[in-house]
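S.K.: Construct the complete structure from the given sequences, taking the supplied hints into account.
Residue-level listing of the chains:
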Amino acid sequence: MKYIIAIIIISIVLIILIYNTMLSKRNKLKNSYSSLDVVLKRRYDLIPNIVETVKAYSKYEKSTLENIINIRKSADECKSSKDLENVSNNYNSFISDVIAISEKYPELKAGENYLNLQKVLFDVEEQISAARRTYNAHVQNYNTYISFFPLNIFASIFGFKKYDFFEINENEKEMKL
Amino acid sequence: MQEKFEEFYNYYQKDINMYYNELKANMKKYIIQSILISLLLSCVFVISTYTLISYNLNIFKLDILLCIAFTVVMLGTAFVRLKNDRIKKNEKIILDIIKYISKDSSAVYYKDKMINQKHIEEMELFNLHNLKYGGENYISAKYNNNNMNFADMDIYYYKDKIDEKTLYDKNGREYIQKITRKVKKTVFSGCYISATLNKKISDHIYLIPNNLEDLFINGKLNDYITYSGNLIELENLDFSKKYKVYSENEIQARYILTLNLMEKINNIDKIFDNKKYIVFKEGRRFAICIENFKIEDIRKATLPFSYNSKNKKENLKYIFENIFNLFEIYNILDLGNDVYIK
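Residue numbers (the numbering used here), protein chains in the order written: chain B, 4 to 180; chain Y, 8 to 349.
Treat the hints loosely; a few may be bogus.
Below are the DSS-like pairs computed for lysine-lysine, each with C-alpha atoms no more than 27 Å apart in a straight line [claimed, not checked]:
hint, chain 1, residue 1, chain 2, residue 2
1, Y, K206, Y, K139
2, Y, K320, Y, K307
3, Y, K166, B, K122
4, Y, K206, B, K122
5, Y, K166, Y, K301
6, Y, K207, Y, K271
7, Y, K319, Y, K35
8, Y, K172, Y, K139
9, B, K112, Y, K206
10, B, K122, Y, K207
11, B, K31, Y, K207
12, B, K122, Y, K288
13, B, K31, Y, K307
14, Y, K191, Y, K172
15, B, K44, Y, K207
16, B, K31, Y, K288
17, Y, K324, Y, K31
18, B, K31, Y, K96
19, Y, K251, B, K28
20, B, K33, Y, K251
21, B, K112, Y, K172
22, Y, K191, Y, K282
23, Y, K271, B, K122
24, Y, K207, B, K33
Derived from the structure by calculation, the hints contain no laboratory data.
M.R.: What follows is the structure, encoded as C-alpha cells:
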C-alpha cells in the first residue's frame, strides 16, 4: 500500500513538473512572439514615411494607397505567425514597388530622406530578424519538448499544441531598400 | 597582407637605412667608449696598486691583462646598451607601422601605459574586486574613424601556498615547519582590444570561451569572470563550439550576433587562434581579449644587427603582420559598415 501511495505521489509530482515545464516553454514562446509582433509593427509604422518620401516621384492610385494603409491595420489584427507572414508578404510587394520607383529615379535614391529611411529600415529589419530567430528557437525548443514520448501524451491531454515557425521567404532576404 | 607589407617595405626603406646608420654609429661610439674607459681604468688601477703596495710587479703585463678584462666587461655593457637601443628603435618602428596602417598621424604608442582600469571595470568582464590588473604597451589609433585601442593586459591574483619542510631539533626529533608564500596565479594574460561597434545596444552580451569552466574549480569561476545573464544557444554550430553566450536580453543578443557576425567572429580564428573573450557593452562599446598574444613580443622582435642579414625583412614582416592583424579585426567584423548597406 505504501508503495502504491509513493508511486501515486511521485507520479503527481512528475506530472506537475512536466506541466509547469510545458507552460514555461509556451510562455517563453508567447513572449518572443509578442516581441516579434512589436518590431513588425514598428516596421509597418514606417510605411507613412516611405510613402511620404516616394510620393513626389510616383502618384499612387487611391486604391493602392488604401491597400498600403491596410497593411498597418491588418498587422494589428494578426493572431498567429501565419497571419504575420501574410501581412509581411503584402509589405514585401509594397517595398518591391518602392525599389522599382527608386531604380527609376536616381535623385530619389541619392536623397537624404531616402538614405535616412534606408538606415532606419535596415535597422528595423535586423531587429525583426533577431526577434524571428528568437521566436523560432523557442518554437523549436517547445515543439521538440512536447513531441517526446511520453510527454506528447501529456501535451495532448493538457491541450499543448505545436506552433508554426515564422518563415521568411527567400525574396524577403533581398528586400531591402 | 604580403602585398601591403611589400608596399610598406618600399615606403620604409629610407627609415631602415637611417636605423642601421644610427645603429652603426652607436656601435662604434659604444666600442670606442668601452676601450677608452677600460684602458683608463686599468691604468688607474695598476698605478694605484704599484704606488700603494710597491710590489715588484710587471706593470706592463698586469696592465694588459686588466685592460683586456675591463674591455670584456665594458663590451658586455655596450652590447646591453645596444640591445636596449634596438628595442627603443623598435618602438618607433611599431608606431610608424601603426601610423602607416591606420593613416592616423596622431596615433600613439606608449610602452609603460596601460588601458585605464576604470574602462576595464566598466566592461565588467573580469572581477577586479578579487583580481589584480596590470598592463603595458598601450596603442591608440583612429582607424577609418573608429577609435581602436590595444594594450597588453595581465589579470592575476596571489594565492597562499604552504610548503612543509621536515626538520630535526637538538635532540634529533623530527618536526614539520610550515612556510607560507605567495604564488601568482594568472587568470588572463594577453591583449585587450577595444573599438566602437556599428550597432547600438542597451544590454551586456558576453562571449566566454566554451571550455572555461574546465580551467577553474567549480564555483570559483564567477569570482574571476563576471559574466551574467542567461545562456543563449545560437544557430552557428562552429561558433557554439567555441563560445558560450550570456545575456539578459535574448533578442538583443541575436540582434548583435547575426549569422553573419558569428561567421565573422569564427574568421578571427584565422589570425588569432587563441582563446578569446568578447564583450558587447551598453552603447556601442565592444572589446576582445585575446589570450597569449602580446604586443610586448612584437616590441622585443628587433631587427638584426647587420644590415645585410636575411632576417631583416623577415623580422620587419613579423612586426608588420602582427600589427596589421590587430587592425584587421576592424575589417573582419566590418565595423565600418555603419550604414548597413551591403
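S.K.: Indicate, hint by hint, whether the structure satisfies it.
M.R.: Hint check results:
1. For a cut-off of 27 Å, the pair hint linking Y:K206 to Y:K139 is broken: about 32 Å separates their Cα positions.
2. With a C-alpha separation of about 16 Å, the suggested pairing of Y:K320 with Y:K307 holds against the 27 Å cut-off.
3. At roughly 52 Å between alpha-carbon atoms, Y:K166 and B:K122 are farther apart than 27 Å, so this suggested pair is violated.
4. A threshold of 27 Å between alpha carbons decides the hint, and for Y:K206 with B:K122 the separation of about 11 Å falls inside it, so the pair holds.
5. For the hint linking Y:K166 to Y:K301, the alpha-carbon distance of about 24 Å falls within 27 Å, and the restraint holds.
6. Simply put, Y:K207 and Y:K271 have alpha-carbon atoms about 18 Å apart, close enough for the 27 Å limit, and the pair holds.
7. Between Y:K319 and Y:K35 the alpha-carbon distance is near 20 Å, which keeps this suggested pair within the 27 Å criterion.
8. In summary, the hint linking Y:K172 to Y:K139 is not supported, as the alpha carbons are separated by about 30 Å, beyond the 27 Å threshold.
9. With a CA separation close to 23 Å, the supplied pair B:K112 and Y:K206 stays within the 27 Å bound.
10. With a C-alpha separation of about 13 Å, the suggested pairing of B:K122 with Y:K207 holds against the 27 Å cut-off.
11. A hinted pair counts as satisfied when its Cα atoms are at most 27 Å apart, and B:K31 with Y:K207 qualifies at roughly 25 Å.
12. This hinted pair checks out: B:K122 and Y:K288 have alpha carbons roughly 22 Å apart, not beyond 27 Å.
13. Restraint check for B:K31 and Y:K307: not satisfied, since their Cα atoms lie roughly 54 Å apart, outside the 27 Å limit.
14. A distance of roughly 21 Å separates the Cα atoms of Y:K191 and Y:K172; the hinted pair therefore holds under the 27 Å criterion.
15. As the CA atoms of B:K44 and Y:K207 are separated by approximately 20 Å, the hinted pair is consistent with the 27 Å bound.
16. The suggested pairing of B:K31 with Y:K288 holds, with an alpha-carbon distance near 25 Å, which does not exceed 27 Å.
17. Of the supplied pair hints, the one linking Y:K324 and Y:K31 holds, its CA atoms being roughly 22 Å apart against a limit of 27 Å.
18. Between B:K31 and Y:K96 the alpha-carbon distance is near 60 Å, which puts this suggested pair outside the 27 Å criterion.
19. Of the pairs offered as hints, the one joining Y:K251 and B:K28 holds, with about 21 Å between alpha carbons and a cut-off of 27 Å not exceeded.
20. In summary, the hint linking B:K33 to Y:K251 is supported, as the alpha carbons are separated by about 25 Å, within the 27 Å threshold.
21. Using a Cα cut-off of 27 Å, the hinted pair B:K112 and Y:K172 is violated, with the two alpha carbons roughly 81 Å apart.
22. Among the hinted pairs, Y:K191 with Y:K282 is consistent with the structure: their alpha-carbon atoms are about 21 Å apart, no more than 27 Å.
23. About 22 Å separates the Cα atoms of Y:K271 and B:K122, which keeps this hinted pair within 27 Å; it holds.
24. Pair hint Y:K207 plus B:K33 holds up; C-alpha atoms about 26 Å apart against a cutoff of 27 Å.
Consistency note: the structure conflicts with the earlier hints numbered 1, 3, 8, 13, 18, 21.
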